[in-house]
Amino acid sequence: MRRSLSIFRRKLRQGPESPEIIRSLFSKFQMILDVNTKIIEKMVVMERMLGGEYIFDKAFLESSVSEVSTLVYQVVGGGPQNLDNVVSSESDL
Amino acid sequence: MNNMTNSGSNLKKLQILILDDEPIVCKRLKPAFLKAGYEVETFTDSANAMARTLDKNFDIVITDLKMEGMSGMEFLTEVKKQSPRTEIIVITGFATLEASKESFQKGVFNFVAKPFKLTDILEMVKQLKNERFKNVI
Chain R
1 MRRSLSIFRR KLRQGPESPE IIRSLFSKFQ MILDVNTKII EKMVVMERML
51 GGEYIFDKAF LESSVSEVST LVYQVVGGGP QNLDNVVSSE SDL
Chain D
1001 MNNMTNSGSN LKKLQILILD DEPIVCKRLK PAFLKAGYEV ETFTDSANAM
1051 ARTLDKNFDI VITDLKMEGM SGMEFLTEVK KQSPRTEIIV ITGFATLEAS
1101 KESFQKGVFN FVAKPFKLTD ILEMVKQLKN ERFKNVI
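Line by line, the protein sequences are chains R and D. If you count by this note's numbering, then the first sequence holds residues 1 to 93, one letter each, in order. If you count by this note's numbering, then the second sequence holds residues 1001 to 1137, one letter each, in order.
Derived by calculation from the structure, the hints in this document are not laboratory data. Where is the CB? At the ideal position from N, CA and C, for every residue including glycine. Check the hints yourself; a few may be wrong.
[Unchecked claim] To be clear about the criterion: a stretch of chain D counts as covered by chain R if any three or more of its residues have a C-beta under 8 Å from a C-beta of chain R, and this derived list gives those stretches:
id, segment
1, 1023 to 1036
2, 1107 to 1121
[Stated by the list, open to error] Calculated pairs, PhoX-like style, for lysine-lysine (alpha carbon to alpha carbon, straight line, at most 20 Å):
id, chain 1, residue 1, chain 2, residue 2
3, D, K1030, R, K58
4, D, K1027, R, K58
5, D, K1056, D, K1129
6, D, K1013, D, K1056
7, R, K58, D, K1066
8, D, K1117, R, K58
9, R, K42, D, K1117
10, D, K1030, D, K1013
11, D, K1035, D, K1126
Full structure from sequences and hints, please.
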């Protein structure tokens, strides 16, 4: 997310830019926020399950860790170019 | 083998067998059912649980599905064959429509996907006791 923000700021500092580029950057920025929100939602569910009220097993831990890891990777390491796929495929999370 | 047997001798109490290959599930469920006044035996190995059902008829069996060796589906099929009056509740982390359909076809009382609320399964057993086992405490 930090990387995309800095790209966004750099582009803005560079002066007049085509509206398409600005629109595209802003769109990527929004997508990062969307994925970040999905990560937080997933972690809220995990926290609730760990609260003691629920019975869960290793399968739940494995799937939760896998889903969160995938999303986090898309935000910090996978690059904004991969976000289009994530946002569309994870819309049910 | 992990067989944690409640030492109560009052046979009028509702007899529950819990089978789950993850000890944490048994460790969480057992005290909750004991506190609710039932007699509970827990197993993490389906072969040992199967052997125990040959010695004793349980009122309720709570079983996981995906396990090493004999699967939960095979286990519940055998239990129903041996003791048709035994009610079965399936608890699974891999809940699929097929597994649920097959379980109900085999006569299970309920099919519960993990994670589930401890209070929900206690309520389910209480309901089962009130409906089918009125002569036990």
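So, going through the hints one by one against the coordinates:
Under the rule that three or more residues need a Cβ within less than 8 Å of chain R, the assignment of the segment 1023 to 1036 of chain D holds, with 4 such residues. Against chain R, the segment 1107 to 1121 of chain D contributes 7 residues with a C-beta closer than 8 Å to a partner C-beta. That satisfies the three-residue criterion, and the hint holds. The straight-line distance between the Cα atoms of K1030(D) and K58(R) is roughly 18 Å, inside the 20 Å bound, and the hint therefore holds. Under the criterion of a C-alpha separation no larger than 20 Å, the hint pairing K1027(D) with K58(R) is consistent with the structure, at around 14 Å.
Among the hinted pairs, K1056(D) with K1129(D) is consistent with the structure: their alpha-carbon atoms are about 18 Å apart, no more than 20 Å. With a CA separation close to 14 Å, the supplied pair K1013(D) and K1056(D) stays within the 20 Å bound. For the hint pairing K58(R) with K1066(D), the CA-to-CA distance comes to about 12 Å; that is within 20 Å, so the pair holds. The straight-line distance between the Cα atoms of K1117(D) and K58(R) is roughly 16 Å, inside the 20 Å bound, and the hint therefore holds.
Our distance criterion of 20 Å between C-alpha atoms is met by K42(R) and K1117(D), whose separation comes to about 18 Å. For the hint linking K1030(D) to K1013(D), the alpha-carbon distance of about 15 Å falls within 20 Å, and the restraint holds. As the CA atoms of K1035(D) and K1126(D) are separated by approximately 13 Å, the hinted pair is consistent with the 20 Å bound.
Taken one by one, the earlier hints all hold for this structure without exception.
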